[in-house]
Structures are given as C-alpha cells and as structure tokens.
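**Q** Each chain is listed here by its residues.
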Amino acid sequence: MSEIFGVPVQALMGQLTIGLVNGCFYALLSLGLAVIFGMLNIVNFAHGALYMVGAFFSWMLLNYAGVNYWYSLILAPLGVAAIGVVIERTMLKWLYQLDHLYGLLLTFGLALVTEGVFRHYYGSSGQPYDLPEVFRGPIDLGFMMLPKYRAWVVVASLLVCFATWYVIEKTKLGAYLRAGTENPKLVQAFGINVPLMITLTYAFGVGLAGFAGVMAAPVYLVAPTMGSSIIIVVFAVVVIGGMGSIMGSIVTGLGLGLIEGLTKVYYPEASTTVVFVIMAIVLMVRPAGLFGKEK
Amino acid sequence: MRKTMMAMMVGAALASGVANAQQGKLSDDTLKIGVLSDMSGVYADFGGPGAVLAARMAVEDFGGKMFGKAIEIVSADHQNKADVAKNITQQWFDRDKVDATFENLNSAVALAVTALGAEKNRITVVTGAASSRLTNEDCKPATGIHWVYDTISLANVVGKAVVKAGGDSWFFLTADYAFGHSLEKDTGDVVKANGGKVLGALRHPLATTDYSSFLLQAQSSKAKVVGLANAGGDTVNSIKAAAEFGITKNQNLAALLMLVTDVHALGLNTAQGLYLSEAWYWDLNDENRAFAKKFEARNNGKKPNMNQVGVYSAVAHYLKAVQAAGTDDTAAVRKKMGDMPINDVFAKNGKLREDGRMVHDMHLFLVKKPSESKGPWDYYHHKGTLKGDEAFQSLAASRCPQFKKG
Chain W
1 MSEIFGVPVQ ALMGQLTIGL VNGCFYALLS LGLAVIFGML NIVNFAHGAL
51 YMVGAFFSWM LLNYAGVNYW YSLILAPLGV AAIGVVIERT MLKWLYQLDH
101 LYGLLLTFGL ALVTEGVFRH YYGSSGQPYD LPEVFRGPID LGFMMLPKYR
151 AWVVVASLLV CFATWYVIEK TKLGAYLRAG TENPKLVQAF GINVPLMITL
201 TYAFGVGLAG FAGVMAAPVY LVAPTMGSSI IIVVFAVVVI GGMGSIMGSI
251 VTGLGLGLIE GLTKVYYPEA STTVVFVIMA IVLMVRPAGL FGKEK
Chain G
1 MRKTMMAMMV GAALASGVAN AQQGKLSDDT LKIGVLSDMS GVYADFGGPG
51 AVLAARMAVE DFGGKMFGKA IEIVSADHQN KADVAKNITQ QWFDRDKVDA
101 TFENLNSAVA LAVTALGAEK NRITVVTGAA SSRLTNEDCK PATGIHWVYD
151 TISLANVVGK AVVKAGGDSW FFLTADYAFG HSLEKDTGDV VKANGGKVLG
201 ALRHPLATTD YSSFLLQAQS SKAKVVGLAN AGGDTVNSIK AAAEFGITKN
251 QNLAALLMLV TDVHALGLNT AQGLYLSEAW YWDLNDENRA FAKKFEARNN
301 GKKPNMNQVG VYSAVAHYLK AVQAAGTDDT AAVRKKMGDM PINDVFAKNG
351 KLREDGRMVH DMHLFLVKKP SESKGPWDYY HHKGTLKGDE AFQSLAASRC
401 PQFKKG
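Those protein sequence lines, which keep their order, are chains W and G.
Numbering of the first sequence is given in my numbering, commencing with residue 1 and proceeding in unit increments.
Numbering of the second sequence is given in my numbering, commencing with residue 1 and proceeding in unit increments.
Treat the hints as calculated values from the structure; they're not laboratory data.
One thing to keep in mind: the hints can contain errors.
With a straight-line Cα cutoff of 35 Å, these simulated DSBU-like cross-link-like pairs (lysine-lysine) come out [to be verified]: (1) Lys374(G) - Lys148(W); (2) Lys224(G) - Lys148(W); (3) Lys197(G) - Lys148(W); (4) Lys249(G) - Lys148(W); (5) Lys65(G) - Lys348(G).
Which bits of chain W does chain G cover? Going by a derived footprint, with three or more residues having C-beta under 8 Å, they are [said to hold, decoys possible]: (6) 122-128; (7) 138-146; (8) 210-222; (9) 225-232; (10) 262-269.
Glycine residues also receive a C-beta, built at the ideal position from the N, C-alpha and C atoms.
Please put together the full structure from these sequences, using the hints given.
**A** And the structure:
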C-alpha cells in the first residue's frame with residue numbers, strides 16, 4: 001500500500017473526510033458569527049451557548065414532547081432565533097453606538113448565565129440523543145466506512161452555507177441588508193425598516209447556531225459545555241477568514257477542519273492548538289484575515 | 001462563707017478543666033474543611049456540587065459540631081487547572097485556616113495539592129483523581145491520602161477481566177496528562193503480566209470534541225481491544241464515535257474509568273456490554289440504596305457515584321479521627337485515621353495504609369442491555385468483587401521513596 005509520510009493513503013483519506021465533517025460544523029457556526037459581525041458589528045460571544053441551546057431544544061423536543069429529529073431540525077433553530085430576537089430587542093440594540101467591547105462583554109455574560117442555568121438543571125455530563133433510524137449504519141466510500149449521519153452533516157451544512165451566501169451576496173434582500181449596515185439613515189429614507197432588518201439578521205445568525213446544535217446532538221454529547229469547547233476554535237476560524245466575510249468563514253471553516261484532521265494523524269497532541277498557531281501566523285501576515293478587507 | 005465560695009470556684013475551675021480535656025482542642029478555635037473540585041467543567045458530575053453535598057451530609061450525620069464548635073465547609077472550583085487549584089488551596093491553608101481538603105479530582109490538581117499539603121503540614125484527601133503516582137513516585141505519606149481508587153486498581157479489575165475474556169492485544173486512546181499516562185502505563189503492565197500485548201497508544205488533548213479520527217487510527221492498529229485511558233465526557237464521546245463508526249463490530253472497547261454518571265449520559269443503547277470497575281454502586285445492597293435515596297433527593301434526582309460517596313466516607317472518617325485524637329493536630333489525626341478501620345456505607349473493613357492508600361474492595365460490573373434495565377439508573381450487572389489486597393498495589397511493590405525496598 002502506498003504511504004505519505006508513513007501513513008497509508010487510505011487512512012489519510014479517511015482522516016481528511018472526518019476533518020471535512022468537523023469543518024462543516026466550524027463553517028456553520030462561523031458563518032452565523034460572520035453574518036452577525038458583518039451586519040451588526042457585534043462580536044457575538046453567546047454563539048456557543050446558543051449552539052448548545054439548539055442541541056438541548058432538540059433533546060427536549062424528543063424527550064418531553066416526542067418530536068422527532070426532522071421537526072426539531074426546523075423547530076429548534078426557530079426557538080433559538082426567537083431567543084435571539086429577545087436578546088437583540090431588549091439588550092443588544094442599546095449597544096450599536098458603543099465600542100465593540102460592550103457587545104462582547106454582554107454576550108459573554110449571557111453565555112455564562114445560559115451555561116450555568118443548563119448545568120444547574122441537567123448536570124455537566126450531558127444527555128444521550130440517539131441517531132435517527134434512517135441514519136444508522138455506514139456508507140462504503142471505498143477507502144473508509146463513513147457513517148450515514150456524518151455524510152448528511154456534510155450535505156446539509158454545505159446547502160445551508162451556500163444558501164446563506166447566495167441570499168446575502170446575490171439577492172435584493174441581501175443588498176438592502178448590506179446597504180442598511182453601511183448607511184442606515186439613507187436606507188431608511190427609502191422606506192425600509194432597518195431596525196427590523198437588523199433584528200431578523202441577528203435572529204438568523206443565532207438560528208444558524210441553533211441549527212448546528214441540532215446537527216451536533218446525535219454525534220456529540222448534548223452537554224452544557226459543548227458550546228464553550230467549540231466556540232473558541234470558531235472564533236479563530238472567523239479571525240483567520242476575516243471578520244465579517246461570509247465566504248471567508250465558510251472556506252476557512254472547511255479548510256481548518258481538514259488541517260485539524262491531518263494534525264490528528266501526524267501529531268495528535270497538538271490537534272487542539274494547531275488552529276491557533278495558524279491564526280497567529282495569518283494575523284502576522286494578513287492582519288485583516290485571509291478574506292477580509294483592510295479598513 | 002468565704003471558704004465555701006473559694007471551694008465552689010476551685011471546683012468550678014476543676015470541672016471546666018476536666019470538661020476541656022474531654023472536649024479536645026482545635027487550633028484557631030474552629031474545624032474547617034475544604035472541598036475542591038471541578039464545579040463547572042467536564043468532571044463536574046464526577047465530583048463537583050455532588051461532592052460538596054456528600055461532604056455536607058457527612059458533617060450533618062456527625063452532628064455538625066466538633067468539641068462544641070460548628071464544623072465549617074468551604075468549597076471552590078479549580079477549573080481543572082493545577083495552578084488555580086494550588087492558589088486556592090494555599091489561600092485556604094494560609095489565610096482561611098482550613099484544616100484539611102477533600103476531593104481534589106483531576107490528577108494534575110491532585111499532585112499539586114498533595115505536594116502543597118505536605119509542605120504546609122495539612123491533610124489532603126484525594127478521592128476523584130486516579131493517578132497511582134499519588135502513593136508511589138509522588139507520595140507524601142505524612143499528609144497525602146488517596147481514598148477511592150487508583151489507576152492500578154482500575155487496571156487490576158478491568159484490565160485483568162478483559163484479558164481473561166480473550167482481549168489479549170491492546171491499543172490505548174489516552175488523555176494527554178498525568179492521569180491518562182498513569183492509567184495507560186498501569187493497564188499496559190497488567191495486560192503484559194497476563195500474557196497480552198500492547199500494540200500502541202495515541203494521546204489526545206483533554207476535552208477534545210471529536211474522537212472519530214483517533215478511533216479510526218485505533219481501528220487500523222488491528223488490536224482486539226481499544227483501551228480508553230480517559231474519563232468523563234472524553235470517554236463518553238469516544239464510545240459514541242466508536243459505535244457510530246462501527247468499530248465495536250470487530251474490536252472491543254474497554255472503558256478503564258467510567259462511572260454510573262457517565263453511563264447515564266451515554267444511554268444504555270451505546271453503553272451496553274462494557275466492563276467497568278467501581279468501588280460503590282447504589283443498587284448493591286439496602287444500605288447503599290438508602291444512602292442514594294437521601295442523596296438524590298438533594299441532587300436534582302441524580303444518584304451518587306463512587307467518588308461522591310468516597311468524599312462522604314473520607315470526611316466522616318476524618319471527623320471521627322479528630323474526635324478520637326481530641327485535637328486537629330495533623331500528625332495525631334493522621335495516626336488515628338490509620339489506626340481506625342473504615343466501616344461505613346462506602347467501605348467495609350477499609351484500611352488507610354501508612355503510604356496514604358486507602359485499601360478496600362473493588363467491584364467489576366457489566367453494563368446492562370436496554371431490555372434488562374428496569375429504568376433510569378438501573379445499569380449494572382455485578383460480575384465480581386476483588387478484595388482490597390488484590391485490587392490495590394501491595395506496600396512491598398510501592399515506588400514511594402519512604403517504603404521502597406532495596
């Protein structure tokens with residue numbers, strides 16, 4: 001069997017595929033962050049907590065109401081989006097004129113409170129969420145057996161990411177949105193309700209986090225800490241991709257998933273740090289990120 | 001008249017002197033114990049608030065007072081960071097007059113706290129951490145105590161059972177810090193001693209999100225058994241990924257450290273058929289069931305695991321020793337703790353050895369199939385009990401400098 005640096009090609013392909021799956025989670029989460037930062041100029045530290053809430057919603061729907069995975073794929077993100085509306089209307093909207101730091105502190109505080117509440121009621125070791133019946137079992141890719149569910153994660157995430165990019169960059173609605181953040185007064189003068197648009201953007205951004213949470217529930221543990229362990233990596237992704245860049249966050253998310261996958265083969269001890277090493281290098285070479293524009 | 005007054009006063013003074021001697025002495029006029037644990041991270045269900053509750057129950061069952069003074073409990077979150085743990089403990093000893101600390105889970109934390117206890121001459125009892133270094137290379141026999149289990153006892157119970165069942169080639173998936181390294185080494189030793197082979201090991205950072213990539217590498221090792229030398233959420237996520245990727249079809253998993261709270265998080269669908277070792281299980285006998293009932297009523301309906309009951313046992317034993325010694329002086333209390341056998345809900349005829357190891361029976365359990373379980377928390381078949389002397393390392397084999405032979 002042929003090898004690359006002592007690792008069989010087959011095994012390497014398997015690892016890259018898994019890296020791609022993880023990259024999809026990074027992409028979904030960093031996409032929401034990028035949308036929120038790009039449109040609202042808010043560094044949303046509550047993103048990880050809302051991802052966790054999305055996973056818990058789908059767990060609650062299944063265990064308390066008997067609602068299956070497919071419905072919660074829609075209902076849970078809507079629930080999280082509703083929370084987003086409340087957060088934006090009651091708290092965030094007072095902060096747009098202030099320094100980034102205030103938004104960061106507020107959302108960070110919200111994240112801590114949310115995590116604490118869930119830990120109080122559900123403990124830290126998490127809850128099981130069984131795979132939906134259709135996704136049990138693997139698909140034979142030739143070089144590896146990929147569980148069906150992981151394949152579904154890739155397909156669904158890529159679809160959602162592409163749709164989001166398309167709406168924001170290519171449609172009229174997206175154009176309003178981008179114009180609204182550039183010059184809200186002028187856009188309002190054309191009769192467009194800018195505050196409503198901003199609320200919905202925030203709700204959509206956190207809804208994406210909720211969606212990622214539902215996707216994650218069957219594969220990772222549904223636990224209060226699941227958000228804080230992934231969010232730091234996701235922030236690194238956003239910084240590397242360029243704050244606020246939609247395409248940047250998608251491409252970087254997937255790319256870093258792959259790089260992390262490779263690290264797990266060649267030097268597993270560093271698999272959680274490699275992302276930050278890359279971030280440091282990128283910041284030195286291109287301070288605005290790979291896809292960001294210098295201001 | 002005057003004479004009678006004098007006599008009365010002398011009598012009163014004598015009487016109070018006698019009463020004082022019976023009462024015993026407390027330094028700083030108070031008995032204060034600290035419970036240090038991971039209150040919010042991956043191990044918070046392993047110890048955490050449940051461990052504080054267990055300590056509180058031990059104090060309440062003791063009567064709440066020592067020599068007429070209320071016993072105080074302080075607790076803190078070390079966030080799984082050895083430096084944070086060290087700072088808190090130092091403050092407790094230097095400023096807050098804490099007499100002894102308990103729990104101290106996470107092996108990195110436990111090693112730091114045990115060393116500090118020796119330096120400050122205060123008793124430190126480790127329950128939740130596993131590293132066998134605590135009573136071997138890094139032993140502090142005068143003050144450091146290891147109560148519930150260690151990596152050697154886990155290896156002796158689970159490792160041996162799995163090798164006996166035919167699992168003679170192993171690959172380890174190891175949490176990359178003191179605990180994982182100890183567990184990997186001690187289990188590897190047991191596997192080899194019983195005629196098995198260790199094919200390799202892979203180290204992952206603590207609290208990694210996704211384990212599938214590590215498990216694929218374990219799979220390509222072709223070992224019959226994949227030994228999970230990790231704990232808590234790490235173990236649970238590893239087992240989930242293994243089931244999803246179909247690794248359990250051709251290979252067996254051995255969860256070297258897994259508690260009933262982890263099985264609860266994993267669900268029986270995924271956890272069934274695993275062998276594991278605990279020192280305590282709520283459904284073993286009436287005494288345990290009664291304790292669990294009292295405990296869960298105050299713990300959001302969650303049953304205690306062996307670590308939390310271990311905290312109860314250690315605190316209770318410490319309090320008895322202080323009472324028997326009539327003082328909270330470290331050396332006197334430590335001696336009494338060793339002299340008195342441990343007989344409580346956690347251990348029968350337990351013995352605290354001079355190297356700091358508390359020796360007691362360990363049990364082997366098999367996780368039930370979903371169809372066999374009567375409901376939440378009914379998870380284990382009891383498969384056997386290893387006597388303390390077989391489960392734990394003998395004093396003769398100790399690598400602790402004070403007891404090392406030759």
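**Q** Does the stretch 225-232 of chain W contain three or more residues whose Cβ lies closer than 8 Å to a Cβ of chain G?
**A** holds (count 4)
**Q** Has the stretch 210-222 of chain W got at least three residues whose CB is nearer than 8 Å to a CB belonging to chain G?
**A** holds (count 3)
**Q** Take the C-alpha atoms of Lys65(G) and Lys348(G), compute the straight-line distance between them, and say whether it is at most 35 Å.
**A** holds, 25 Å
**Q** Does the structure keep Lys374(G) and Lys148(W) at a Cα separation of 35 Å or less?
**A** holds, 31 Å
**Q** Closer than 8 Å Cβ to Cβ for three or more residues is the test here. Does the stretch 138-146 of chain W pass it with chain G?
**A** holds (count 3)
**Q** Examine the stretch 122-128 of chain W for residues whose CB is less than 8 Å from any CB of chain G, and state whether their number is three or more.
**A** holds (count 6)
**Q** For a C-alpha distance cap of 35 Å, please report whether Lys249(G) and Lys148(W) respect it.
**A** holds, 17 Å
**Q** Check the hint pairing Lys224(G) with Lys148(W) against an upper bound of 35 Å on the C-alpha distance.
**A** Judged against 35 Å, a Cα distance of about 25 Å means the pair holds.
**Q** Check the hint pairing Lys197(G) with Lys148(W) against an upper bound of 35 Å on the C-alpha distance.
**A** holds, 34 Å
**Q** Closer than 8 Å Cβ to Cβ for three or more residues is the test here. Does the stretch 262-269 of chain W pass it with chain G?
**A** holds (count 4)
When the structure is compared with the earlier hints, no violation turns up for any of them.
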